[in-house]
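Visitor: Put together the whole structure using the sequences plus the hints.
FYI, in mature numbering (1 follows the signal peptide of the UniProt record, and there is no 0) the residues of the sequence shown are -22 to -1, 1 to 410.
Calculated directly from the structure, the hints in this document are not laboratory data. Ideal Cβ positions, reconstructed from N, Cα and C, are used throughout, including at glycine. Hints may contain errors.
Derived Cβ-Cβ restraints for the label pairs, each shown as a range [what the hints assert, rightly or not]:
no. : residue 1 : residue 2 : range
1   : GLY59     : ALA402    : 19 to 29 Å
2   : LYS399    : GLY59     : 18 to 28 Å
3   : GLU44     : GLN268    : 27 to 37 Å
4   : PRO49     : ASP285    : 52 to 62 Å
5   : GLU379    : ASP146    : 16 to 26 Å
6   : TYR182    : GLY59     : 54 to 64 Å
7   : ASN10     : SER162    : 53 to 63 Å
8   : GLY24     : GLU175    : 41 to 51 Å
9   : ARG400    : VAL54     : 28 to 38 Å
10  : ILE407    : ASN10     : 29 to 39 Å
11  : GLU36     : GLY203    : 35 to 45 Å
With a straight-line Cα cutoff of 20 Å, these simulated SDA-like cross-link-like pairs (lysine to any residue) come out [what the hints assert, rightly or not]:
no. : residue 1 : residue 2
12  : LYS295    : GLU275
13  : LYS292    : THR261
14  : LYS344    : MET153
15  : LYS240    : GLN268
16  : LYS56     : ASN376
17  : LYS344    : ASN23
18  : LYS150    : GLY358
19  : LYS344    : ASN220
20  : LYS60     : LEU390
21  : LYS43     : GLY24
22  : LYS248    : SER262
23  : LYS295    : GLN268
24  : LYS43     : GLY16
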Amino acid sequence: MKKLIFQMIALSFASSLTFAQADIAPAPKQKNNIAIVGGTIHIGNGKVIENGTIFFSEGKITMVKEGDAVPQDIAVYKATGKHIYPGFIAPANGLGLVDVESVRATRDISETGDINPHVRSIIAYNTDSKIIATIRSNGILLSQPTPQGGLISGTSSIVQLDAWNWEDAAYKLDMAVHFNWPTSKTRTSRRGGGASEEQQKERYQKQMAEMQSYLAQAQAYANLGNPQTFNARFDALKGLFNGTKKAMVNVNDQKDIIIAVKFFESFNIKPVLVGAQEASEITSFLKEHQIAVIMRESQALPNNEDDDIYLPYKNAKILHDAGVLVGMSIDGYWQQRNLPFMAGTAAAYGLTKEEALATITLNNAKILGIDAQTGSLEVGKDANIIISTGDALDMRTNNIETAFIQGRLINLDNLQKQLYKRYADKYGIKAD
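Guide: Quick look at the structure:
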């Protein structure tokens, strides 16, 4: 009975979200030439232009320059005293795949079974999720909705966060296959029970053998060219062997990282590590093998009890100084709104502000293979741009007031802003 009541409450909550934000619609394509004038432009590649101007037309950046002179036939957005950034990119998360965790019908993030490379997260991506508007209003303009669970979770795509449906949202389709690497570390339960060390070792060996066999079969299938019998699972892995898809591997322990990298390299695949909590312990190995790392949130506890308590804050600096390409992400979906502040924490512990910015813009774009299109404010790239009245990496000053996705001026309203205004009006509070 209690379970039924809880489900009814959760469904009621989900229904209430359905009727909110009905006036927030995707923006039309850019029609007029636009210039953002007078702001501090953070290019995303380490360069900063004080009092600069960005021109963009038909969704593409056409000029970035110092000064504020613009032709008369261009629509002007004044940004004097404000900061202009590339739109933030959030990789490897559940945004748009989960709305209410307690309601099964709103969870499309995982499938049954351990091996599901053919599962495409883009098909389940919900552009009507009310969470997206909140994430977007904090500067995140691109995301990678990612399947979870099993050994091979599925295939992900990159989406832009202002769309009518998943086809509109698609920015780069089916660009990565996601793996959950088996851990070789055995753990003893403090409460007793659970699998014994022998059982854990046996399970690990079984999973490794399964992974080895499956990738070998998939490679043989890919080498056939046009197989007589179509296999959807093997077909989804073809891109790993011809370089059109990335292998993104969730792994944390340093021993497992080394094993995973060598395993994929045996198939001529260069993996991207996701999480990689102990990557800072083996930076020379990662540099030697040219392995990119997407860190999870910096505001977290260290992986081991005897680690430096501040190590998660310092990891980005350690990896960057070692020459490892490092990006940043946050697990979950609601939490994506804090992505710029995670980068800000990394800046407080060693990175410069521009290096920290790169971890959620250009570095992430490079890792995801979209740096020719976005990630920095450079000529020829998509006009994915945000304007903040203050430092966007600092939660005290972050205030994204304007944003463009592919040159389209998007609506930054969201349910939280609407609720704030509603009750501010009720109690006579000035709502900024």
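Visitor: Indicate, hint by hint, whether the structure satisfies it.
Guide: Status of the hints after comparison with the structure:
Separation of GLY59 from ALA402 is about 25 Å and conforms to the stated range, judged on CB atoms against 19 to 29 Å. Remark: the range hint 18 to 28 Å for LYS399 to GLY59 is upheld by a beta-carbon distance near 25 Å. Between GLU44 and GLN268 the CB atoms are about 35 Å apart, so this pair conforms to the stated range of 27 to 37 Å. The beta-carbon spacing between PRO49 and ASP285, approximately 56 Å, falls within the hinted interval of 52 to 62 Å.
Against the hinted window of 16 to 26 Å, the Cβ-Cβ separation of GLU379 and ASP146 comes to about 25 Å, which satisfies the hint. In this structure, TYR182 and GLY59 meet the distance hint of 54 to 64 Å, their C-beta atoms being roughly 57 Å apart. At about 58 Å, the CB distance of ASN10 to SER162 agrees with the hint of 53 to 63 Å. In this structure, GLY24 and GLU175 meet the distance hint of 41 to 51 Å, their C-beta atoms being roughly 48 Å apart.
Checked against the given bound of 28 to 38 Å, the beta carbons of ARG400 and VAL54, roughly 33 Å apart, stay inside it. Hint check: ILE407 to ASN10, Cβ distance near 36 Å, so the stated range 29 to 39 Å holds. The hinted window of 35 to 45 Å between GLU36 and GLY203 holds, with their beta carbons roughly 39 Å apart. With a C-alpha separation of about 14 Å, the suggested pairing of LYS295 with GLU275 holds against the 20 Å cut-off.
Of the supplied pair hints, the one linking LYS292 and THR261 holds, its CA atoms being roughly 13 Å apart against a limit of 20 Å. Restraint check for LYS344 and MET153: the C-alpha separation of about 13 Å stays at or below 20 Å, so the hint holds. Of the supplied pair hints, the one linking LYS240 and GLN268 holds, its CA atoms being roughly 12 Å apart against a limit of 20 Å. This hinted pair checks out: LYS56 and ASN376 have alpha carbons roughly 18 Å apart, not beyond 20 Å.
At most 20 Å may separate the alpha-carbon atoms for a hinted pair to count; LYS344 and ASN23 meet this at roughly 11 Å. A C-alpha spacing of about 17 Å is found between LYS150 and GLY358, which places the hinted pair at or below 20 Å, so the restraint holds. With a C-alpha separation of about 18 Å, the suggested pair LYS344 and ASN220 falls inside the 20 Å cut-off, and the hint holds. With a CA separation close to 17 Å, the supplied pair LYS60 and LEU390 stays within the 20 Å bound.
Restraint check for LYS43 and GLY24: satisfied, since their Cα atoms lie roughly 15 Å apart, inside the 20 Å limit. Restraint check for LYS248 and SER262: the C-alpha separation of about 16 Å stays at or below 20 Å, so the hint holds. With a C-alpha separation of about 17 Å, the suggested pair LYS295 and GLN268 falls inside the 20 Å cut-off, and the hint holds. Between LYS43 and GLY16 the CA atoms are separated by roughly 10 Å; this keeps the pair inside 20 Å, and the hint holds.
When the structure is compared with the earlier hints, no violation turns up for any of them.
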